[in-house]
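**Q** Sequence:
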Amino acid sequence: MTQAAFPKLLRSQIGFDIARTILDGFDKHYRLFRATSRQAKRFFELGAWAEAQHAARERIDFYDRRVQECVQQLEDEYSQADLADEVWQELKLHYIGLLSDHAQPELAETFFNSVCCKLLHRSYFHNAYIFVRPVVSTEYIETRELAPTYKVYYPDADGVHFALKRIITNFQLNASFANLTRDVEQVEARLARLFGATRIEANHQIHVLSNLFFRNKGAYIVGRIINGNREYPFVVPILHDANGHLVLDTVLFDPEQITVLFSFTRAYFLVDMEVPSSYVQFLRTLLPRKPRSEIYTILGLQKQGKTLFYRDYLQHLKHSSDRFDIAPGIRGLVMLVFALPSFPYVFKVIKDFYPPPKETTRALIKQKYLLVKHHDRVGRMADTLEYSNVAFPRHRFSERLIAELEQFAPSMVELEGDQLIIKHLYIERRMVPLNMWLANAEKDGDDGQLEHGIVEYGNAIKELVAANIFPGDMLYKNFGVTRHQRVVFYDYDEIEYITDCNFRDIPQARTEEDEMASEPWYPVGKHDVFPEQFGQFLLGHPTIRRFFMQHHADLLTRAYWQARKQRILDGVVEDVYPYPQHIRFFHDHVTNTPAVPPPPFMEILENE
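Numbering (the working numbering), first residue to last: 1 to 608.
Careful, some of the hints might be misleading.
Here are the simulated lysine-lysine pairs, DSBU-like style, with alpha carbons at most 30 angstroms apart [as the list claims (entries may be wrong)]: (1) K565 x K462; (2) K423 x K92; (3) K462 x K368; (4) K92 x K306.
Think of the hints as simulated: they come from the structure by calculation, not from any bench.
With the hints as constraints, model all of the structure from the sequences given.
**A** Right under this line is the structure:
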């Protein structure tokens, strides 16, 4: 048995100084991250929706800015000669020591990786130099602030109505409720139906996360009810009514509805968390099927989500033996898409060239994907994970996949020993392409599924329109169906803002020759859109046409699109509810709320 060497004393002052610099960079990042999350409460109280959206978009870039600042500082202060291998190894050990009493150690480890990977060659990307595996435990981290991660309420001792009212008023929102007693009674009635004749056990209690979850025009109370050995998740959305007063809109108990609320197709929440791992642990009791990577991501900690996703992927790769191959469905003109059958994600590589009629560039495609990352996805656009220089085992790739990569994206592929390196790719949750889903429904003679698919397709487009997004290519193949049977858009290379589009009617033909011409006889600008043409590409199947015209005929009219565009230009922030309409309490809610110009507070935060 080989004797392990006794570890040497840490002697590198440079290693310690660099470790301290990196941790200072992370601490600055998380301080700004929390400051933005706290500001969300004030925006909600004021109904300042444009400000809230602006803050959410800006926060997405905080991490990369702090990493770049840290890298620049280290490059300015140290030469390559200062950074010998021994220094790098000691640097990591010094950093571990600094994290021994840290409230966000897992995030700080990821920040360390991000900085070091910009300074090191990828041959150093192993556990001796970076955190390939987590080192510092996130179990039982104590909060230093007065508020614990969650608060406990006892409905048996206090009465259910009083306990519910305390839960809501303890958030101390600086805005009045329209009728809190009425709303609490409605929540109480739903609770009574949930429990029915269930016997109340001695340990009956309610746990509620100490801070609200903010997104778009809603604030969400997130908690769980304990009764015996059963746990019941719940979420209570708080909205504004037409008079600017607060109302409880509904209460969610259905785990599937709560999962959709925390979906990968929605914008990230803003929530102030001193110990984020404790929030993730709490949420996993509500969402046991959702991986930790997705929970971190939906909380706005998308870099941590990427790190955990990649670790999960490596574990899956190690314990599986199937091969990567071209993903099923119609081949795209812009993206080469492949998948591992046993892994529920797809991998997308931008091709090197694009046949007509595509007119785009790699830079423009990446810009479109970045737009989606920053935009409100309203539950209808898939979030993407972007990676560079990803190493795959060469033997796990099918020969036809390698041939396609070498034919269509040779600049993105590099063979290095027994590894295949892809220099840039996107990873998305795998869905059933809508065209395949509809074809299967037709094959099975299931008109109910056909109708559901078309209703969801139209709803997806209308909710994208409400968020100022025009999909561009509206063919069914560019939409997918999730396991919750929701239709989601996932092909972004032709995406545009609604406000940049010019919606037109097709002019009346002047002559018979005009009418028979294969090309438009009238001028067509780059951003011109003719809604009445959509039916030519979408409604060839008579049953699909019948369902589409029954539910979404307005999508074929210029009037619909132009009216939506005008509302956005007028500053209206539309309501898009992340749960079914039929479960709402049906208050008179605010709609048509004008947007407020972005505040200067973001510049103040950035200069802190």
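**Q** Each hint needs a verdict: does it hold in this structure or not?
**A** How the hints compare with the structure:
1. Among the hinted pairs, K565 with K462 is consistent with the structure: their alpha-carbon atoms are about 12 angstroms apart, no more than 30 angstroms.
2. Taken as a hint, the K423 and K92 pair is honoured in the structure, with Cα atoms around 26 angstroms apart against an allowance of 30 angstroms.
3. Simply put, K462 and K368 have alpha-carbon atoms about 20 angstroms apart, close enough for the 30 angstroms limit, and the pair holds.
4. A C-alpha spacing of about 21 angstroms is found between K92 and K306, which places the hinted pair at or below 30 angstroms, so the restraint holds.
Violated hints for the displayed structure: none, as all numbered hints are satisfied.
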